[in-house]
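Numbering (UniProt numbering), first residue to last: 1 to 396.
No lab work stands behind these hints: they were computed from the structure.
Hints are all accurate, no fakes.
The calculated DSS-like cross-link candidates involving lysine-lysine, where the alpha carbons are at most 25 angstroms apart (straight line), are: (1) Lys126 - Lys187; (2) Lys231 - Lys213; (3) Lys276 - Lys217; (4) Lys51 - Lys276; (5) Lys352 - Lys366.
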Amino acid sequence: MTDRLGELTAAGVAVWLDDLSRVRLSSGNLDQLRREKHLVGVTTNPTIFAKALSDADEYNWQLRDLAVRGVSVEEAVRALTTYDVRWACDVMRPAYDSSAGVDGRVSIEVDPRLAYQTEPTVAEAKALWWLIDRPNLFIKIPATEAGLPAITATLAAGISVNVTLIFGLERYSQVMEAFLAGLEQAKANGHDLTKIASVASFFVSRVDTEVDKRLDKLGGGAGRPDLAALKGRAAVANAQLAYERYSEVFSSDRWQALADAGAHPQRPLWASTSTKNPEYRDVIYVEELIAPGTVNTMPEPVIDAFAEHGETRPDTVTGAYTSAREVFTGLAAAGVDFDDVIATLEREGVEKFEASWLELLDGVRKSLEAAASGAGEPNRAAGDNADAALRAGGNA
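Taking the hints into account, I'd like the entire structure generated from these sequences.
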């Protein structure tokens, strides 16, 4: 049987899972994926946690204790989510050790309501880093204008960062600048650069969703073959040109000085890689973005789909820069304002994560109230098993 995920890994793409839940941890599923599916990292976001914590049965023992203590809803959310991330860090520790700290990372995001506030973002990043206390943790910070200086300050403090919600090339260039400045400050502050890592999460499929919608309004779905031919192409082209910028920055003298001090490059991470349009190939955002030194974080169905029928072609990115530019020339000629597309996606991305966070808070609030009233017996066995797994290094 062809090991397609192994071939993808050999081509330079790190396979990460875009999901986490206590069921996945307690059942041993995450460790199984690490051992059998070449999985070397995990990403989370507020939407993922809102879904995970909707399964109260897996969390009721901890919710009961939190309710007895009378903690606030926000403290409870942090206790629940950081417990899972800490456990996941331990499960992924073998990948961290075998890659000298490059992979084996697990991400947790700062409160999305802080997306437009620099100092509170830095303060929360530090608090999460202290609370989870694992070297293979990533703190996710959104690439808003306020997030850029927060990224630099967090890295300067020696904390590893996953920069999230990147949609456009100019913002991506600013993210790389924030990364370089952060490492330079970290070095000046006496931190060991070999211990600091970062990825830049460049969102993919949402770009096609927004651009295709605008093309349809212009007539792309009704007798305009010139517009129809542009559908489903912007996301990959955008990411390919992002990799071009990555290659330029990380071949510079400025970067080399940091590399000589032991720094790891900030790898591009392709996020939002599930296909939203059923007319498109289900693994298109994996197959078309194969390049050395990248990460592709996928929901488990996409991982399974690639394992079944994905095709690994060596480097589908660096030879495509000319055709990628032609896509944007065509979009501009068609009247699609791509700058507005990017601005819309960033704004909506923050809003969606904030909505998920509020949903999470509301769900935990209701669960705490139910636990306080004695509704349902706490699943102590689940809690004991989870604690034992953490003590044993995370292998449930």
